[in-house]
Amino acid sequence: MLFAVAAAPLAVACTTEPPPPPPPDPLSALAAQARADAALAKTLTAVPAAAEIARARETHATLLQAEVDRERPPLSSTAPPAPTTPPTPPDPLAALRTSLDESVRDASAAVTSLPAYRAGLVGSVAAGCASLREVLA
Amino acid sequence: MNVDAVQTALGTEHAALWTYGMVSAFLGDQAAAVAEGANAHRARRDTTERWLRDHAATPTPPAAAYLPPAPVSDGPSALAALIAVEQDTCAAWRGVLERTDDPALRTSALESLTTAAVRATRWRKIAGSNPASITMPGVASG
Numbered sequence: 000m001l002f003a004v005a006a007a008p009l010a011v012a013c014t015t016e017p018p019p020p021p022p023p024d025p026l027s028a029l030a031a032q033a034r035a036d037a038a039l040a041k042t043l044t045a046v047p048a049a050a051e052i053a054r055a056r057e058t059h060a061t062l063l064q065a066e067v068d069r070e071r072p073p074l075s076s077t078a079p080p081a082p083t084t085p086p087t088p089p090d091p092l093a094a095l096r097t098s099l100d101e102s103v104r105d106a107s108a109a110v111t112s113l114p115a116y117r118a119g120l121v122g123s124v125a126a127g128c129a130s131l132r133e134v135l136a
Numbered sequence: 000m001n002v003d004a005v006q007t008a009l010g011t012e013h014a015a016l017w018t019y020g021m022v023s024a025f026l027g028d029q030a031a032a033v034a035e036g037a038n039a040h041r042a043r044r045d046t047t048e049r050w051l052r053d054h055a056a057t058p059t060p061p062a063a064a065y066l067p068p069a070p071v072s073d074g075p076s077a078l079a080a081l082i083a084v085e086q087d088t089c090a091a092w093r094g095v096l097e098r099t100d101d102p103a104l105r106t107s108a109l110e111s112l113t114t115a116a117v118r119a120t121r122w123r124k125i126a127g128s129n130p131a132s133i134t135m136p137g138v139a140s141g
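Chains as they are written, first to last, in numbering that gives the first Met the number 0: chain Y, 0 to 136; chain V, 0 to 141.
Chain Y with its partners taken away, still in its complex shape:
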């Protein structure tokens, strides 16, 4: 029963023989995270440091996306998906702190496994997020 369910989509996939999709670029996720942080920071108009954080995370997103596109040029000229505006969390400032902590963690985790020429870029993004977190401390 379980086997049948699992095998059915596989059979469909085999008949059409699509080329195996390349694994997603790890920098894509980091760029999306940067865009999400920037979008969240923009909602915090009452926090003085929020504008600075939004600008910095937009810069991170641009640099990361440029590296993603350089290595694997996009097939069409479509821009990366616009960040979907998430519902405003009940405590946006706490959410931004948590989000920056996650960004430091994720970028740091990526640094060890990247090729050397990308490790510097992502290392600076990780340290930049730690710097932004310190501004909010």
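Zero decoy hints are in this set.
Sample of chain Y residues facing chain V (criterion: CB under 8 Å; computed from the structure):
id, residue
1, Ala-115
2, Ala-129
3, Glu-133
Hints are computed from structural coordinates only; laboratory data are not their basis. None of these values were measured; they are calculated from a predicted model. Idealized CB from N, CA, C, for every residue including glycine.
Following the hints, put chain V in place on chain Y, whose structure we already have.
This is chain V only, laid out in the frame that chain Y set:
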């Protein structure tokens, strides 16, 4: 070659340690933070020297003195010297990140880069710099 990059980073650790000692006379109200920064750089210098010896290299000794980018004569100029030396440290450790595939050295270089960026941000906050944060620590324009 990553030994050269690590020697460069060791040089900035020597300079940072020297600078923290030199500014302490002007930052009496920040004595605890100055001591904390000095201790962090001393520990980093020691582990960096150990890494070099383990890789059959002779650690470059410290210079007798270092030249801060601007003369230090009061609190604000002392803060500027600390900010400059922390940013130099960031650049040197980012240089290591770009030149090694050794995961342990990468981890240690990233930690050095991140902690120096956080200290630089703290000093920039105290100095009233705007923005206080550094968008891309270790990059000349960042």
